[in-house]
Amino acid sequence: MEVPTMQVEIDLFSGRPNPVWNLTDAEVSTLRARLESLPTASPAALPDRLGYRGLRASPLEAQPATEEPPSTNPIIAIEVGGGVIRLTRRDGTAVHLRDTGRSVECWLLTVAQGRVDEPMRESALADLGSACP
Amino acid sequence: MLKITADVFSGRPNPTWIVEDLDEIRAVLSDVAKVAGSASARAAEEGKLGELRGFYVDVASDQLAADQGLDSALYLPFKPGGTGPMRELAERFVSLASDESVAMGVAAEGLEEAQALSPDLLRSFLGEKLGKDTGITEADANAAAAAEEAAEMSAEAAVAVTCYIELGAYNPGFWNNNSTVRSRNNCYNYASNKRTDTFAQPGRGCGRMYTAITCAEVTRAALCDGLHRRYVCFPDSEKPRYLVALVVAPGPGFVDFHWYRKNKEGFWSHKPGSTAARNTDNSGKVITNPQTCDRGPYTQFCGYFYTCRSQRIR
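Chains A and B supply the protein sequences, listed in that same order. Position one of the first sequence corresponds to residue 1 (this note's numbering), numbered consecutively onward. Position one of the second sequence corresponds to residue 134 (this note's numbering), numbered consecutively onward.
Treat each hint with caution, since some may be false.
Here are the simulated SDA-like pairs of lysine to any residue, each with C-alpha atoms no more than 25 Å apart in a straight line [to be verified]:
1. B/Lys372 - B/Arg447
2. B/Lys397 - A/Arg49
3. B/Lys136 - A/Arg90
It should be emphasised that the hints constitute simulated quantities derived from the structure, not laboratory data. On a predicted model such as this, the values are computed, not experimentally measured, just so you know.
Isolated chain A, as found in the complex:
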């Protein structure tokens, strides 16, 4: 049985918890490939307001950071929203990418179908307007 390695959260609510689901290994690979194809960008803000803001993907870690300093500096968060992607590493540093055509955002919301409440997913998609095919 596949053990999920990455979860995605749609960041839209204020009071209720956000919906969360897991990516399959194949989807994680696709996400990685999509991110690698995007141009880097100077730091920019992601949408930060009441209502749909974007998505956040994070690796599911086996251990919290209580051991002596790890030798790697992995990405611990992938935040996507409004055409901006922010990759944050364990040491707190961040790299920004341009989500051209909001393609990664669209793809993640499309993948979410069947895994989250459908009217809620559609309300998030509506925010992207014609950006999502």
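Please arrange chain B on chain A, whose structure you already have, making use of the hints.
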């Protein structure tokens, strides 16, 4: 391992809590280094009885402390009513007093239950010490009752009432600077000014969480937690009594609730879910009236309420 001790008592043991997350420790020590000019290795304890005089900080790993140019045992004096980096650091220390870290502190000090403050009490006690002189009490009068329309209003609304409320200082740093506090506390936590790290839901504290997201049902759940509708007064024993507002996004599709709280500075502030607390609306304008500000999809205004000290929240 990082041990933080608040220098606040003289007879009973000082409250202690322990942080183990390495990333958190590094971040805190980096902030400590910014105020390191006022730090010393075990200063004499000055300051009045009953005040928060300072913090002891003990770092188990010499290397972590040395990385920031610090001794591994420090005393940071605190001035009541102070502002600036030391105050922000003090708030950060208090924000690290989670249930888990307080329990570890109690265990490490070998305290008995009777000697130790519960995590909730510790946080509100220290929060109060930090917040001293930064909040005000104000009259909240139902002026509408004096109007000519009073005769047509319900009996409850028509009675002229003056309740007393507290307006706390706008303090977004407490909610925003620590990623655990920011991500695990929502609009309801913020409006109530009570950190639980549970993404608190109305009604869950009293055991009857909302079963639908409508003004009526979320109101019912909030009243169950102990809030009162506006103009149903709380006595002084329930200080702080914050004035808050509830709004709902009715959908279709996007269904949710949201809360605002009035601050001493005269504006209202809020915290949309895991995002940062702020005093501006969706148009970037400072919020002077939650009924008329830009609330995005939260189009239904449900009403005003008072929170209270004994509010259950989880």
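Each hint, compared with the structure:
no.	hint	in the structure
1	B/Lys372 - B/Arg447	19 Å, holds
2	B/Lys397 - A/Arg49	23 Å, holds
3	B/Lys136 - A/Arg90	23 Å, holds
Hint compliance for this structure: every hint is met.
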